[in-house]
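K.L.:
If you want the building blocks of each chain, they are given just below.
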Amino acid sequence: MRGWLIPVVLLATALALPFVVPTYYVQFASKALIMGMLAMALNLAVGHGGMVSLCHAAFFGLAGYVLALMAPGYDPASLLLTLPAAVLASAAAALVIGALALRTRGVYFIMVTLAFGEMLFFLFHDTGIAGGSDGAYVNAKPEIAIAGHQLLDLASPLAFYFVVLAFVVATVALLTMLVNAPFGHALAAARDNERRARSLGFPIFRVRLIAFVLSGALAGIAGYFAAAQFGFVAPQMLGWHLSATVLVMVLIGGLRSVTGPLIGALVLIVLEEVLKASTDYWKLVEGFIIILILLALPGGVRQLWPLIVGERSDEAPQRRARSPVAEGRHG
Amino acid sequence: MDLVTFGVQLLNAIQYGMVLFLVASGLTLVFGILGVINLAHGAFYMLGAYLAYWIATYTGSFLLAMVLGVAIAFAVGLVLENVFIRRLYGRDHLVQVLLSFGLILVIDEVREILFGKDVHAVAPPAWLSGSIQLTDNLSYPVYRLAICGFCLIVAALIFFVITRTKIGMIVRAGAENREMTQVLGIKFDVVNRYVFAVGIALAALGGIVIAPISTVFPGMGDGMLILSFVVVVLGGIGSVAGAAVGALLIGLTDTFGKVFFPSVSSILIYVLMAAVLLWRPNGILGRREV
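Line by line, the protein sequences are chains S and R.
Counting from 5, one number per residue, gives the positions in the first sequence under the working numbering.
Counting from 80, one number per residue, gives the positions in the second sequence under the working numbering.
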């Protein structure tokens with residue numbers, strides 16, 4: 005199996021999908037792509053940068069709120085105006101939170117990002133901005149119009165799907181480029197051995213902060229489209245439960261890959277859908293499944309890959325295998 | 080603000096800080112000894128409050144609810160450590176975060192199955208339900224004073240055990256240098272199990288004592304988890320004294336923030352945290368390396 009074959013087949017499937025399945029599934033696929041984009045964004049910080057962030061939902065939700073606040077009543081908002089504004093807001097929040105949180109390491113970083121993320125949650129929950137705890141509606145989907153001429157209307161599920169797909173492909177391209185660029189190597193060096201990277205002269209704080217801000221901005225793009233799709237924003241969009249859920253997607257997909265989290269998002273969203281349809285206590289089952297995955301497959305579902313398609317070289321399991329638990333289980 | 084009102088607010092701040100300390104000290108102990116970051120800590124606080132409601136309703140005795148609630152939480156802690164948590168020792172923080180997130184989902188749903196998702200109120204014990212008349216139109220509930228006293232006793236007990244007993248010595252040695260302590264013949268599987276159970280019991284105890292003055296509701300654990308994290312970040316992780324300092328700081332900031340700056344009070348504690356991060360990234364009483 006060639007390395008490029010799988011992505012090409014997947015992309016072809018994604019392009020053909022809207023023409024063979026009913027609208028409901030097109031919308032479902034859009035939602036999965038949006039969450040996948042969020043997971044890939046988060047993974048830039050977590051997997052590539054070694055910064056376990058629990059506040060990415062805040063960047064995601066903040067962008068959604070910017071769309072809700074900028075949307076002119078019942079008329080569609082201008083995509084070219086609101087999307088950059090939303091992404092800018094998320095990036096600015098990531099810059100401030102990142103600059104403070106990156107003064108810490110490890111478990112502190114986790115706690116600090118969680119706390120600052122919740123600060124934004126409470127900001128929208130407790131103060132009256134955009135409806136407080138009730139949330140706010142985005143009445144019309146954004147559009148691109150020039151001189152009253154509508155060029156693109158996201159109200160059509162098909163158009164929405166393709167726009168989101170285009171952004172996902174662009175995200176994959178950007179992240180792949182970034183990870184393989186000197187910047188990505190510096191980021192990985194800082195993750196794997198901070199002291200050595202520092203002594204080699206890498207500006208670690210700046211590299212990490214740039215990665216964190218970029219990751220927050222990408223999360224903002226995802227949040228913008230999520231708000232546009234649901235037509236509604238609520239403080240829960242910024243809550244840390246979403247951050248943790250996306251982290252689960254990242255872990256399922258594998259930390260060292262760019263597109264893995266996309267698969268992880270798809271797996272978790274389909275799983276949730278199936279569980280919701282089959283039991284009232286789906287969160288109980290989901291919780292146990294998450295715990296089982298963590299204990300049995302510390303490197304994500306990608307660990308099942310070699311069992312399915314035979315051995316292949318992959319960095320992820322090797323690095324993971326260092327922990328004694330993993331060795332005992334798979335060794 | 081006159082002196083009496085100030086005094087009342089100060090008492091409120093201290094009482095709030097003391098309860099925060101109970102919960103956060105459990106979190107910081109578990110991290111200090113086990114090296115595990117437990118996001119489900121807040122869920123046990125919530126569970127404690129529901130247990131208090133449930134036992135107090137069925138038996139009519141709040142004291143019994145306290146004893147039984149703590150005992151149940153302790154037992155649950157022993158079991159959870161044995162089944163899940165011990166598999167997390169030495170693992171990535173990411174895995175610990177997500178496993179405890181999975182636990183939160185499970186605990187929340189178990190709570191819903193057992194107790195539903197209604198909001199409840201719990202009555203304090205009759206002999207503590209009165210209030211002290213301070214001025215003509217200002218009184219202070221006895222129960223809040225009792226919380227202060229009770230939490231002080233528990234805090235003193237924690238400090239006594241950690242600084243003055245052999246168990247505390249083992250716990251401190253384990254936090255300092257685990258391998259060395261093991262070489263000296265200390266079995267850490269047992270120590271870990273009990274420390275985790277004590278941490279959980281402290282979280283539940285916090286939930287139990289707070290139940291009569293706050294409402295018992297499903298989301299209460301989340302708020303407390305965040306607050307405990309802020310306390311630990313302020314004080315320095317693994318340090319019980321740091322947790323005490325952090326908890327009192329949060330109690331004062333939050334209570335007086337609500338009095339003086341009501342519109343931004345929910346943001347104030349995070350501003351405080353940001354300031355401490357700029358000043359001492361490892362916490363006020365934290366060590367250099369974590």
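Keep in mind that the hints were calculated from the coordinates and are not lab data.
C-beta atoms are modelled at their ideal positions from N, C-alpha and C, and glycine is treated no differently.
Be careful, since some hints might not be right.
[Said to hold, decoys possible] Facing chain S, according to a computed beta carbon distance under 8 Å, are these residues of chain R, among others: (1) 176; (2) 180; (3) 187; (4) 305; (5) 351; (6) 358.
[What the hints assert, rightly or not] Not everything, but these chain R residues come out facing chain S in the computed CB check (under 7 Å): (7) 224; (8) 240; (9) 353.
K.L.:
Against this structure, judge whether each hint is valid.
P.N.:
Hint-by-hint comparison with the structure:
no. : hint : verdict
1   : 176  : 6 Å, holds
2   : 180  : 4 Å, holds
3   : 187  : 6 Å, holds
4   : 305  : 5 Å, holds
5   : 351  : 11 Å, violated
6   : 358  : 10 Å, violated
7   : 224  : 29 Å, violated
8   : 240  : 24 Å, violated
9   : 353  : 5 Å, holds
Hints 5, 6, 7 and 8 from the list above are not met by this structure, while the remaining hints are.
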